[in-house]
Amino acid sequence: AQTVTQSQPEMSVQEAETVTLSCTYDTSESDYYLFWYKQPPSRQMILVIRQEAYKQQNATENRFSVNFQKAAKSFSLKISDSQLGDAAMYFCAYTLPGYALNFGKGTSLLVTP
Amino acid sequence: DSGVTQTPKHLITATGQRVTLRCSPRSGDLSVYWYQQSLDQGLQFLIQYYNGEERAKGNILERFSAQQFPDLHSELNLSSLELGDSALYFCASSVASGTSTDTQYFGPGTRLTVL
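Note that the protein sequences, when read in sequence, are chains F and V. Position 74, counted from 1, in the first sequence is what the working numbering calls 74; the numbers after and before it change by one each time, with no gaps. Position 111, counted from 1, in the second sequence is what the working numbering calls 111; the numbers after and before it change by one each time, with no gaps.
Simulated from the structure, these hints should not be mistaken for lab results. Any given hint could turn out to be false.
[As the list claims (entries may be wrong)] Selected chain V positions facing chain F (in silico; Cβ < 7 Å): (1) Leu39; (2) Gly42; (3) Phe45; (4) Gln48; (5) Ala56; (6) Phe69; (7) Asp102; (8) Thr103; (9) Phe106; (10) Pro108; (11) Gly109.
[What the hints assert, rightly or not] Cβ-Cβ distance ranges computed for the label pairs, FRET-style: (12) F:Asn58 x V:Ser38: 41 to 47 Å; (13) F:Thr60 x V:Phe69: 20 to 26 Å; (14) V:Leu115 x F:Ala71: 35 to 41 Å; (15) F:Leu110 x V:Leu39: 15 to 21 Å; (16) F:Glu29 x V:Glu53: 19 to 25 Å; (17) V:Phe69 x F:Ser74: 40 to 46 Å; (18) F:Asn67 x V:Arg111: 31 to 37 Å.
No residue lacks a Cβ here, since even glycine has one placed at the ideal position from N, Cα and C.
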């Protein structure tokens, strides 16, 4: 079974600073996808970024980027120039193509002025 | 707005009752997934339908069932409700083609409270 581990239950960052959220996963598959979802207080699940395992290049979406280390099975999320609106629960997730997501337990991110 | 709709937004009911949650996927998406988010269990996959057929099952109780209709909307039926069934239930949809464009988009969720 595939497992996803987020070892940081809570993180804090000041506005305009950079923060990195950690995620590790366990799988014996070679073709899979990794995701970061954001869940703000509204509880809506919002896709932040996606990484295909076959791609060596790290994904980037504006202020959000990942550090994907396939051999180490590590998938961290870096948020640059943090904003108050980034405060949320962040979930790392793993999936095989066409199948359900396996989620980590989440990291609660607090952004302070 | 993800394009995935769920109704109702909130549901309050009593133990032993039965409820139905409804989900309409994004246009063009063939697959629907149901997830349960509770405080103690986190986000758990319940069941997946693809083009009307059940494709995969997760941690779904026997008291729960689902189906996907010809127009691709899906319903999750929860029966003999217990206090522990109180949770946020999400529906997500994707193309489920197994390609790099296969990303799941989530609806706003249905918050179920069992009293």
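Against the structure, the hints come out as follows:
{"no.": "1", "hint": "Leu39", "verdict": "violated, 11 Å"}
{"no.": "2", "hint": "Gly42", "verdict": "holds, 5 Å"}
{"no.": "3", "hint": "Phe45", "verdict": "holds, 4 Å"}
{"no.": "4", "hint": "Gln48", "verdict": "holds, 6 Å"}
{"no.": "5", "hint": "Ala56", "verdict": "holds, 6 Å"}
{"no.": "6", "hint": "Phe69", "verdict": "violated, 20 Å"}
{"no.": "7", "hint": "Asp102", "verdict": "holds, 6 Å"}
{"no.": "8", "hint": "Thr103", "verdict": "holds, 6 Å"}
{"no.": "9", "hint": "Phe106", "verdict": "holds, 4 Å"}
{"no.": "10", "hint": "Pro108", "verdict": "holds, 6 Å"}
{"no.": "11", "hint": "Gly109", "verdict": "holds, 6 Å"}
{"no.": "12", "hint": "F:Asn58 x V:Ser38: 41 to 47 Å", "verdict": "violated, 33 Å"}
{"no.": "13", "hint": "F:Thr60 x V:Phe69: 20 to 26 Å", "verdict": "violated, 39 Å"}
{"no.": "14", "hint": "V:Leu115 x F:Ala71: 35 to 41 Å", "verdict": "violated, 50 Å"}
{"no.": "15", "hint": "F:Leu110 x V:Leu39: 15 to 21 Å", "verdict": "holds, 19 Å"}
{"no.": "16", "hint": "F:Glu29 x V:Glu53: 19 to 25 Å", "verdict": "holds, 23 Å"}
{"no.": "17", "hint": "V:Phe69 x F:Ser74: 40 to 46 Å", "verdict": "holds, 41 Å"}
{"no.": "18", "hint": "F:Asn67 x V:Arg111: 31 to 37 Å", "verdict": "holds, 35 Å"}
In this structure, the earlier hints numbered 1, 6, 12, 13 and 14 are contradicted, and the remaining ones agree with it.
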